[in-house]
Each structure stands twice: as structure tokens, then as C-alpha cells.
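Go ahead and model the full structure; you've got the sequences and the hints to work with.
Each protein sequence line maps, in turn, to chains A and B.
Take 1260 as the starting number for the first sequence in my numbering and just add one per residue.
Take 2 as the starting number for the second sequence in my numbering and just add one per residue.
No lab work stands behind these hints: they were computed from the structure.
Owing to the predicted nature of the structure, the values given are computational and were not obtained by experimental measurement.
Positions of the beta carbon are idealized from the N, C-alpha and C atoms, including for glycine.
Errors might be hidden in some of the hints.
Listed below are the simulated DSS-like cross-link pairs for lysine-lysine, each with C-alpha atoms no more than 30 Å apart in a straight line [claimed, not checked]:
1. LYS1346(A) <-> LYS103(B)
2. LYS1517(A) <-> LYS14(B)
3. LYS103(B) <-> LYS49(B)
4. LYS1302(A) <-> LYS1521(A)
5. LYS1361(A) <-> LYS1326(A)
6. LYS1298(A) <-> LYS20(B)
7. LYS105(B) <-> LYS14(B)
8. LYS1477(A) <-> LYS60(B)
9. LYS187(B) <-> LYS1521(A)
Using C-beta positions, here's what the derived DEER-type ranges look like [what the hints assert, rightly or not]:
10. THR1570(A) <-> THR146(B): 53 to 63 Å
11. ASP251(B) <-> GLY1384(A): 53 to 63 Å
12. ALA1434(A) <-> ASP251(B): 31 to 41 Å
13. LYS60(B) <-> THR1340(A): 19 to 29 Å
14. LYS20(B) <-> THR1340(A): 27 to 37 Å
15. LYS60(B) <-> GLU1538(A): 28 to 38 Å
Next come the chains, spelled out residue by residue.
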Amino acid sequence: MADVTASDGALRRFLHGLPGVDAVGLEARAAALGTRSIKTTAKAYAIDLAISMIDLTTLEGADTPGKVRALCAKGVNPDPTDRGAPKVAAICVYPDMVGTAKAALGDSGIHVASVATAFPSGRAGMPVKLADTTEAVAAGADEIDMVIDRGAFLSGRYLSVFEEIQQVKAACRRADGSAAHLKVIFETGELSTYDNVRRASWLAMLAGADFIKTSTGKVAVNATPPVTLLMLEAVRDFRDAVGVRVGVKPAGGIRTTKDAIKYLVMVNETLGEEWLTGEWFRFGASSLLNDLLMQRQKLSTGRYSGPDYVTVD
Amino acid sequence: MSADRLSVLKTYKLYVGGKFPRSESGRVYEVTDSKGDWLANAPLSSRKDARDAVVAARKAFGGWSGATAYNRGQVLYRVAEMLEGRRDQFVSEVAEAEGLSKAKATAQVDAAVDRWVWYAGWSDKVAQIAGSANPVAGPFFNLSTPEPTGVVAVLAPQDSSFLGLVSVLAPAIVTGNTAVVVASEKSPLPALSLAEVLATSDVPGGVVNVLSGRTGEIAAPLAAHQDVNAIDLAGAGPELAKELEASAADNLKRVLRPRPADWSADPGTERLLAFLETKTVWHPMGA
Chain A
1260 MADVTASDGA LRRFLHGLPG VDAVGLEARA AALGTRSIKT TAKAYAIDLA
1310 ISMIDLTTLE GADTPGKVRA LCAKGVNPDP TDRGAPKVAA ICVYPDMVGT
1360 AKAALGDSGI HVASVATAFP SGRAGMPVKL ADTTEAVAAG ADEIDMVIDR
1410 GAFLSGRYLS VFEEIQQVKA ACRRADGSAA HLKVIFETGE LSTYDNVRRA
1460 SWLAMLAGAD FIKTSTGKVA VNATPPVTLL MLEAVRDFRD AVGVRVGVKP
1510 AGGIRTTKDA IKYLVMVNET LGEEWLTGEW FRFGASSLLN DLLMQRQKLS
1560 TGRYSGPDYV TVD
Chain B
2 MSADRLSVLK TYKLYVGGKF PRSESGRVYE VTDSKGDWLA NAPLSSRKDA
52 RDAVVAARKA FGGWSGATAY NRGQVLYRVA EMLEGRRDQF VSEVAEAEGL
102 SKAKATAQVD AAVDRWVWYA GWSDKVAQIA GSANPVAGPF FNLSTPEPTG
152 VVAVLAPQDS SFLGLVSVLA PAIVTGNTAV VVASEKSPLP ALSLAEVLAT
202 SDVPGGVVNV LSGRTGEIAA PLAAHQDVNA IDLAGAGPEL AKELEASAAD
252 NLKRVLRPRP ADWSADPGTE RLLAFLETKT VWHPMGA
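Written out as C-alpha cells, the structure reads:
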């Protein structure tokens, strides 16, 4: 596939040569997969799996070290009344909070993810974006969530987006030769069409993304089932064409257990069981965890739980 | 209108969060009058309808409990006005459900509307009865005020389908609680019609949620629900009440036990005061 990225023209020809998305079919398929009934033991499994896939996120201007530490404590031990509850996959914070999160998580095995590259708008010069990334990696981030330059993408400068992802990927390298995982955020709510989402997915995967992620959670339209299904299909096609596995992370707007289980069904039906792990599929969420915990309590006690029985964050 | 016109029987719906959904289970049951003739279909709620109703009630609690007492009173007076406008409908529903003559049913409906108004008047007076200024040994004002307890599950009386219902619902919500009402199993139609009245008055969605179906089936998850703060067992038989009280104990719900009641008698303040918590504040007197 190296030749398709040789020049701006070649890349554009390739991306525009991808088959168009059947929007009606995609939405119908996503809706149909959302009707599966997952109950009892399967539901218990799905809830624990979903918890272990969460990137527990706080990306607010008002974040304090105390809030980040509280979130880390919750990530390690989500349900203080039930030590059997699995821990989350990662804590997602702004770069300046990486050190705090890293210290709070210690050897728990939970990753620290940091947004970078002038999140959420991505409107900054390249040196600033790279410095942002380097700083987060130096502070100990295990994963970097970068945003693409939607302005460049929408105006058709695909190669500049491609090179940007490559440069950030290079900035993810650590001194010891290892590298932080790179998640590429498309902000699908701003890409306007399904065709653009498919193109962005291929573009990012060609540039070496380890994960592709729907959205920042900062705009009106965030992760939706059709967009996520489309990205899962792109990952499937990429694996078949190139033989490289890429992870998927829907983020924003996933608040209930029901929604989360719908996404898991889509993953299983599109990419198979191999992807049903926190290593290859993540939920970017904050309030989802509480709903999962309440459902978990309902399954273990038989009583409906309430918001008084989970932590406020 | 010809005599052989087919009658249009109504399929009633639940009232949850200000909307009229069908039961999540898709089930309905036949409601008959006192002689066994088919009147209409009512939804046969499942535990998931109960769950949704509690979520709606919890969501509405902040706004309703935070409204001024005066405002809550005005909203409830407005409901009474709307009830008055639908008087004939309620009279015929009560007459059919309870096998009463038109005159007796009219008396029941009138008493129910009057009771609603009576309770509405309590909205800005209950603090004077249940609150106090406490003398303390220090330079402080010490004030206790009644606060609504939260979400109240109300099992409406089985025999008195409208007067009984109003007598248990109005005192729960006038103080700022939100309610999940389980209508009389045999005669749910007045309760479901009351929901239509509430929806077209100024009561915010979710403040009152009405479920119909088997009392035992819906009450069990409500009594065990960790996010319900109190339960009024007026419509539960002795066996069921015992079971429900036991499961309600788990999160220390306030429980109002059932007892034989004459719904036409002066209700007193018992139900009004049953679902309140006391908040006490200390305030320095200053110079």
C-alpha cells in the first residue's frame, strides 16, 4: 500500500476510490444489531467486559489534581461495595494531569491516556502539537489521543493530515525505544458524511494509527452506532488488505449499559471475538461507568440500584 | 347515530415521565365493570415499567421539590380545575368500576376534587405544622423545617378507585415528593384518566407516574428499589404488605402500613406528614 501515500494526488485517488457508503444500509444494519437481546449471564459478561474497556475520562477546564486522583481511585476500584468489579482500561486526562494520574495509578496496570495536539480543536501549529505530544509522553502517558486537522481534511489536503499523524506517531516514541499507543480522533460530527468517515479511517490506519476514535466529546454529535459500525468495517477491511490490526474507540454520548452492549454486539458481529478486549476496543466515557455499576449491582442483588450507591464524579 | 354503531373501546396507556407509553412488556388486560362486562383494556405493567417510572420520578424530583410551596399549590389547584371539567367522565368511570349509582358516584368524585383542593392548600402551610423554631442553649436560631423525602411509591387503594387514589396521591406530592402510583388492580381507569388530567395541567412530567397491572408484580420491585425513598402500602393486602415491608427495610424506606380506612372521613395530616424528613439549621444570632 506504500504507493498510495506517495503523493497527495495518489492518496486522494485512493481515498476517493474507496467504495461509497450505503447510508441507508449502514443505518439499518446498526439499528438491527442494536435489537439483540442480551440477558442474564451474557449480560453480566458484557457489563464486566464493558467496564474493562472504559477509558475513564475527565477533560474539563475545571480539572484539579484532586479530581484526577479521585477518578484514578475509581478506575482502580469502581465499586467499593464489590471488590469483584473489574478495573477500567485507562484514565484519560489532559497532558498536564498525566503525572498526577500516573502517580495515583501506581502499579495498578491501568494505562494513562492523554489527549494531545491542541485538543479538542486541533487548531495549532505543528511544533505546538508535537511539543504537546512529547510533553505528555515524557510525563508517562501510555496512550496519546490526537485530533486530526479537520480543516485540512475537509479541504482535501489529505497528505498533510497523513504526515501530521506520522509525525505525532514519531513523537510518541520514548527514549528506550518503546512507544505510546496512538489513538487518532476524527471528530466524526464535523466530517459531515459517512464517505468522509471511511476515508479518514483509511487515512489514519495507513499513517500508522494504533486506534481510531470517533470524537472528542466536545461537539454536538459524538459517537453514534452507524459511524462506529462504519469504522469497525474499515478496520476489518484494513486487516484483510494489509494484515494489520487496529483498535476502535467510540467516545462521547455513550451513557447507558444498553448503549454499551449494542456497541459490543457490533464489535462481535463485525470484527469477531478477537476484538472483544480492552486492548482492541475502548469506550471513551465518564458517566457510562456509573450506569454499568448500577446494572451490575442489580444483577448481583436482584434489586434495582440507584445513583446513591455509586460515586459522584 | 344509529343504534347498531360499533362502540370504540379505549386502550389506556401508562403515564411515565409526562408521556403515555405502552407497557414495556406489550401486555394489556381487560378491565371490567362491577358486573363483569368489558370496559376497556389497560396496560399490564412489568417490573421494567416500574424501573422506568422510578427513573422519571427521580429526574423530576429536583425541580418539583425545589419549586416554591406557593407554586406547587397553584399547580395542584389547577389540577382540581381540570378535574372539575372532566367531572362527568370520572363519575361514569367510578360508577362502572365500583357499581355505584350515579348519585353516589357523583358524591365520590366531588369529595375527591374537594380533597385535592384541601391538600393543595396545605402546600404552604405544612411547614408551620411540621416545622419549629427550637430553643437552644447558645446564641443561635435553630430552625427545623420539613423536606420532602424523595420518590414515593404509592399503592393506591383497591376498593376506592378515585377518592381513595386522590387521598393517597395528593398528600405525597403536595410536599414536594414525586410519586410512582400503582393503580387499583381491578379498577385502574380513574387513575389512568387522572394521568390524562395531570398531563394537560401544569404538573411537570415525572412528578406523578401511573402504572396499572398486578399490584403484587409491580410493587415488589418498587419496594426493593434502592432509589425509592418511601412506600405507601394502602393498596396491599396483609400478606403482600408484610413481604413488601421486609424488602423495603433494605434501604430504610419510610413505610406507611395499610389499615382499614374510611376514605370519605376527614383524612387528617397523617399522610401529609408521613413522607417528610426534618432539616434543622443552626444560624448565629449575631449582635
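Here is how each hint holds up against the structure:
1. LYS1346(A) <-> LYS103(B): Violated, at roughly 65 Å.
2. LYS1517(A) <-> LYS14(B): Between LYS1517(A) and LYS14(B) the Cα gap is close to 24 Å, so the pair holds against 30 Å.
3. LYS103(B) <-> LYS49(B): violated, 38 Å
4. LYS1302(A) <-> LYS1521(A): Holds, at roughly 11 Å.
5. LYS1361(A) <-> LYS1326(A): Distance ~14 Å between LYS1361(A) and LYS1326(A) Cα, so the pair holds.
6. LYS1298(A) <-> LYS20(B): holds, 27 Å
7. LYS105(B) <-> LYS14(B): The hint holds at about 27 Å.
8. LYS1477(A) <-> LYS60(B): Cα-Cα ~24 Å, so holds.
9. LYS187(B) <-> LYS1521(A): violated, 39 Å
10. THR1570(A) <-> THR146(B): 53 to 63 Å: violated, 29 Å
11. ASP251(B) <-> GLY1384(A): 53 to 63 Å: Given about 59 Å between the Cβ atoms, the range holds.
12. ALA1434(A) <-> ASP251(B): 31 to 41 Å: violated, 55 Å
13. LYS60(B) <-> THR1340(A): 19 to 29 Å: holds, 24 Å
14. LYS20(B) <-> THR1340(A): 27 to 37 Å: About 33 Å separates the Cβ atoms of LYS20(B) and THR1340(A), which means 27 to 37 Å holds.
15. LYS60(B) <-> GLU1538(A): 28 to 38 Å: holds, 37 Å
Violated hints, in rising order: 1, 3, 9, 10 and 12; the structure is consistent with all others.
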